[in-house]
Each structure stands twice: as C-alpha cells, then as structure tokens.
Amino acid sequence: MDVELKVTPDKYLPYRYAGASGDFNPIHLDPEFAKQVGLPSNILHGLYSMAQVARACTQAAGGDPRTLRRLSVQFRGMGLPEQEIVVTGTQNEQGVVALEAAQGDNKIIKNAEAELGTA
Amino acid sequence: MPVNDAAKGKTYPPVEYEVGKEKIKEYAWAVGEDNPVYFDREQAQAAGFRDVVAPPMFAVVYSWGAMGAAALDPEVGMNFAMLVHGGQEFAWGEPVCSGDTISTEISVKDIYERGGMGFYVFESVSRNQDGQEVVRGTWTNIVRGV
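Those protein sequences? They're chains A and B, same order as listed. According to the working numbering, the first sequence is numbered sequentially starting from 11. According to the working numbering, the second sequence is numbered sequentially starting from 1250.
Simulated from the structure, these hints should not be mistaken for laboratory data. Treat the hints with caution; some may be incorrect.
[Said to hold, decoys possible] For the chain A half of the interface with chain B, some residues (derived, Cβ under 8 Å), not all of them:
hint: 1; residue: 26
hint: 2; residue: 27
hint: 3; residue: 60
hint: 4; residue: 75
hint: 5; residue: 83
[Claimed, not checked] Only pairs whose alpha carbons sit at most 25 Å apart, straight line, appear in this in silico DSS-like list of lysine-lysine:
hint: 6; chain 1: B; residue 1: 1274; chain 2: A; residue 2: 21
hint: 7; chain 1: A; residue 1: 117; chain 2: A; residue 2: 21
hint: 8; chain 1: B; residue 1: 1272; chain 2: A; residue 2: 120
hint: 9; chain 1: B; residue 1: 1274; chain 2: A; residue 2: 16
hint: 10; chain 1: A; residue 1: 21; chain 2: B; residue 2: 1272
[Claimed, not checked] From chain A, some residues computed to sit far from chain B (all C-beta separations above 10 Å):
hint: 11; residue: 11
hint: 12; residue: 14
hint: 13; residue: 31
hint: 14; residue: 39
hint: 15; residue: 44
hint: 16; residue: 61
hint: 17; residue: 65
hint: 18; residue: 70
hint: 19; residue: 91
hint: 20; residue: 93
hint: 21; residue: 100
hint: 22; residue: 103
hint: 23; residue: 128
Note that CB positions come from ideal geometry on N, CA and C, so glycine has one too.
Input sequences plus hints: build the corresponding full structure.
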C-alpha cells in the first residue's frame, strides 16, 4: 500500500490550529517574533504536520481512525504556511509504513513509521 | 556542561480532560479531517463508536495540560528559548469519544546529552473513565546548546 496526501495550509491555519490545540507559542503566530529568534517567518506547529501524516495513513487505510495503531515521527526542517505539504509513504513486508513529509526539498518530517490495522 | 538529569524518573499527578463534541469538531476541522465520524453523532454510532470519535492526533489536545505542567517543571529545567520538538510517538488503544474523561499521567523517561544538545524524553499514559488505555505518547524535546 502506498500513502500520499497533499495539503497547502493557508496563511491563517496556524491560528486555527493554535486555538484547536492550545499551543499559542508565538513562533507559530507572530512573523516578527519568529524572525527575531532566527526563523524565516512564523512556522507551522510540528504536531499539525504530524496530524497530516496521521491523516494520510487513516485515509489510505479506508478512513477509520481505529486503523492507526502507532505513529512515530522525527521533526526536521521548519514547515511554513502557504506552501504545499506532500506526505508520502510505502508499506514494507512487515506491514510497517515508512513515511516522510516535505515542502519542496525541505523535509519537515523524516523517518516516520506507522503501524496500521483493521478497524 | 552536562545536562542535569536529576528529574529522570519523576512522575506527575494525573490531569483530567473532559472530551466534548464541539472541541473534536474544532480540532478535526483545523487539521483537515472530513470523515463524518468526527462531526456527526449518528454516523459515528453507525460506525460502531459510542459517540462522535476524536481523530487519533486529538491525543495532543487531551494530553496538553499534563504535558505542559511537566515541561514547565523547574526541576526538569528545559531552556525554552532553545527548545525544539525533536520527535513524537503515539501508540493508540481504545478510541476516545465525546463524553469521555481522559486522565493523563506524565513521567520523565530520560534526560541525556548528545552532540552538545540536551534530550528530554517524556512519556504520557492516557486512560479513559473505565481505566482503558487510550494512548501512550513519547515526547522528545531537544534543547540546543546545553
């Protein structure tokens, strides 16, 4: 089974995700603050990007949330709003799905592994 | 300077979170989920859930209060100005539905230094009101330049 999902978070996505998740760290919300601490601009929440990897897995497994048994990720490059995220994954013979998420050449999630089951 | 690992093994009192239908909807909408089992009670029940079900990654919402308290513990002593979220793992059990009360306990699983960076690894275990484990999380925070 191959996994693929493409999504482009809009400019205001980090504000909606902050409200939904409770994470109001200004590096995600305030471009000026983010630049002051050495970031290119306000960055996506890593756990939002992980949620896209999770969504890619459950969609590939038919949509039922019970299919996702385990997911581990490593956060790497900074994700940015208004750039397309592409999640890709391939299932190996043991049933484990190896995944990553990237914006262009910038891999924002690496070495992700998911275990899927039946619902 | 080596990292202070005195808090290794420390545990924190459980923190409760009551799961609501509208909060699930808000979260599901924010992350782009469109399966009606996250929004519609009848469709969720038709799919075999007790009520509207939470997407798996809703784990971050009901774990947040417990995790925040541990992360801010002065005895752990993470330097937030230099903090990055390095890695995350969740292993899911019983689904979480609207109306559940989820209790999350955090422990400091490991603190160590590698390559001039401090690694702070927390484990969260979340259970529902019937004592069933709903998720086990491993949260790896990295502090640059310790």
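Do the hints match the structure? See the list:
1. 26: Hint on residue 26 (chain A): holds, closest Cβ of chain B at ~4 Å, below 8 Å.
2. 27: Holds - the Cβ of residue 27 (chain A) comes within 8 Å of chain B, reaching about 5 Å at its closest.
3. 60: Since the shortest Cβ distance to chain B is 6 Å, the answer is holds.
4. 75: This hint holds: residue 75 (chain A) lies near chain B, its Cβ roughly 5 Å from the closest one there, short of 8 Å.
5. 83: holds, 6 Å
6. B:1274 to A:21: With Cα atoms ~21 Å apart, residue 1274 (chain B) and residue 21 (chain A) stay inside 25 Å; holds.
7. A:117 to A:21: holds, 20 Å
8. B:1272 to A:120: violated, 29 Å
9. B:1274 to A:16: Between residue 1274 (chain B) and residue 16 (chain A) the Cα gap is close to 21 Å, so the pair holds against 25 Å.
10. A:21 to B:1272: holds, 22 Å
11. 11: Answer for residue 11 (chain A): holds, closest chain B Cβ roughly 18 Å.
12. 14: holds, 15 Å
13. 31: Check fails; 6 Å does not lie beyond 10 Å.
14. 39: holds, 14 Å
15. 44: holds, 13 Å
16. 61: Check fails; 4 Å does not lie beyond 10 Å.
17. 65: violated, 6 Å
18. 70: Per Cβ check, residue 70 (chain A) is outside 10 Å of chain B; nearest 13 Å; holds.
19. 91: holds, 13 Å
20. 93: holds, 15 Å
21. 100: holds, 20 Å
22. 103: holds, 21 Å
23. 128: holds, 12 Å
When held up to the earlier numbered hints, the structure conflicts with 8, 13, 16 and 17 and fits the remainder.
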